[in-house]
Amino acid sequence: QVQLQESGPGLVKPSETLSLTCTVSGGSMSGYFWTWIRHPAGKGLEWVGRFYTSGRTRYNYNPSLKSRVTMAVDTSKNLFSLTLRSVTAADTAVYYCARDLVGSSNAFDIWGHGTMVTVSS
Amino acid sequence: DIQMTQSPSSLSASVGDRVTITCRASQTIDNFLNWYQQKPGRAPKVLIYSASSLQGGVPSRFSGSGSGTDFTLTISSLQPDDSATYYCQQSYNTPRTFGQGTEVQIK
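Just so you know, the protein sequences line up as chains C and Z, in that order.
Quick note on the working numbering: the first sequence kicks off at 1 and runs consecutively.
Quick note on the working numbering: the second sequence kicks off at 1 and runs consecutively.
Hints may contain errors.
[Stated by the list, open to error] With beta-carbon atoms standing in for the labels, derived distance ranges:
#1 S54(C) - Y92(Z): 21 to 29 Å
#2 Q79(Z) - M116(C): 26 to 34 Å
#3 S120(C) - S9(Z): 23 to 31 Å
#4 L101(C) - P59(Z): 15 to 23 Å
#5 S77(Z) - Q5(C): 33 to 41 Å
#6 S77(Z) - A72(C): 43 to 51 Å
[Said to hold, decoys possible] No more than 16 Å apart at the CA atoms, straight line, and that leaves these computed lysine to aspartate or glutamate pairs for EDC-like:
#7 K43(C) - E103(Z)
#8 K107(Z) - D17(Z)
#9 K66(C) - D91(C)
#10 K39(Z) - E103(Z)
#11 K66(C) - D1(Z)
#12 K45(Z) - E103(Z)
#13 K39(Z) - D82(Z)
#14 K45(Z) - D109(C)
#15 K107(Z) - D82(Z)
Treat the hints as calculated values from the structure; they're not laboratory data.
For glycine and all other residues, C-beta sits at the position ideal for the given N, C-alpha and C.
With the rest of the complex left out, here is chain C (with noise of 0.2 Å):
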């Protein structure tokens, strides 16, 4: 079945760029949804962002982070990425990657472990 799993430093400084990697196992990533989200200690989840390929990749991004945030995918590698830039403490946060079935289920089926990230000097 198909497993997900984050990797990337778990420190970063503020003001520099965090980047993260989803890589995808047991499936294919073509013709599905895959998301970031992340949860900050004792705060909700937060909905990152997503994209959706199949031969042409298309990208949506929360408003909220989108002048800072980029994903990207590797579908030949089967894993993708989340670049996010300028960082502050504000996002420091457990930070998954997710599969969405949109037009099926329309629910996150399937999740990475989480990877922890820290923004501080």
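Assemble chain Z onto chain C, guided by the hints.
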């Protein structure tokens, strides 16, 4: 953005109790509402999708209802393994948004 409001924020109940969590959307979302369970240190797990459909493998004591703006997650007979935080989430449009969570504790 569609705001999702859950109540209560936390509850404590005994094994075997019937537990109800409510979620209200700031605008109509038809039945585009999902429920997740999250345990400490784990990723959320979908329990209910499209307001009332049980995800495969989820115990039948979990059920969902509602449409429009008001939704309910019910645990018919609370079990020790149900100690967790529960979140509602709308899939009506983007950005996808979540409720703030309801922590369920076992007495």
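Hint-by-hint comparison with the structure:
The hint said 21 to 29 Å for the Cβ distance between S54(C) and Y92(Z), and at roughly 23 Å that hint holds. Roughly 29 Å separates the CB atoms of Q79(Z) and M116(C), a value that falls within the hinted 26 to 34 Å. Look at S120(C) against S9(Z): about 28 Å separates their beta carbons, and that is inside 23 to 31 Å. Distance hint check for L101(C) and P59(Z): the Cβ-Cβ separation is about 21 Å, which falls inside the suggested range of 15 to 23 Å.
The beta-carbon spacing between S77(Z) and Q5(C), approximately 35 Å, falls within the hinted interval of 33 to 41 Å. Between S77(Z) and A72(C), the C-beta spacing of about 46 Å keeps the proposed range 43 to 51 Å intact. Annotation: proposed proximity of K43(C) to E103(Z) holds, straight-line Cα distance about 12 Å (limit 16 Å). Restraint check for K107(Z) and D17(Z): satisfied, since their Cα atoms lie roughly 10 Å apart, inside the 16 Å limit.
For the given pair, K66(C) sits about 14 Å from D91(C) by alpha-carbon distance, which is consistent with the 16 Å threshold. Straight-line distance between C-alpha atoms of K39(Z) and E103(Z) comes to about 10 Å, which keeps the hinted pair within the 16 Å bound. With a CA separation close to 14 Å, the supplied pair K66(C) and D1(Z) stays within the 16 Å bound. Restraint check for K45(Z) and E103(Z): satisfied, since their Cα atoms lie roughly 15 Å apart, inside the 16 Å limit.
Note on K39(Z) and D82(Z): the hinted pairing holds, with a Cα-Cα distance of about 9 Å set against a maximum of 16 Å. Proposed proximity of K45(Z) and D109(C) is supported: the alpha carbons are some 7 Å apart, at most 16 Å. Restraint check for K107(Z) and D82(Z): the C-alpha separation of about 12 Å stays at or below 16 Å, so the hint holds.
Violated hints: none; the structure is consistent with every hint.
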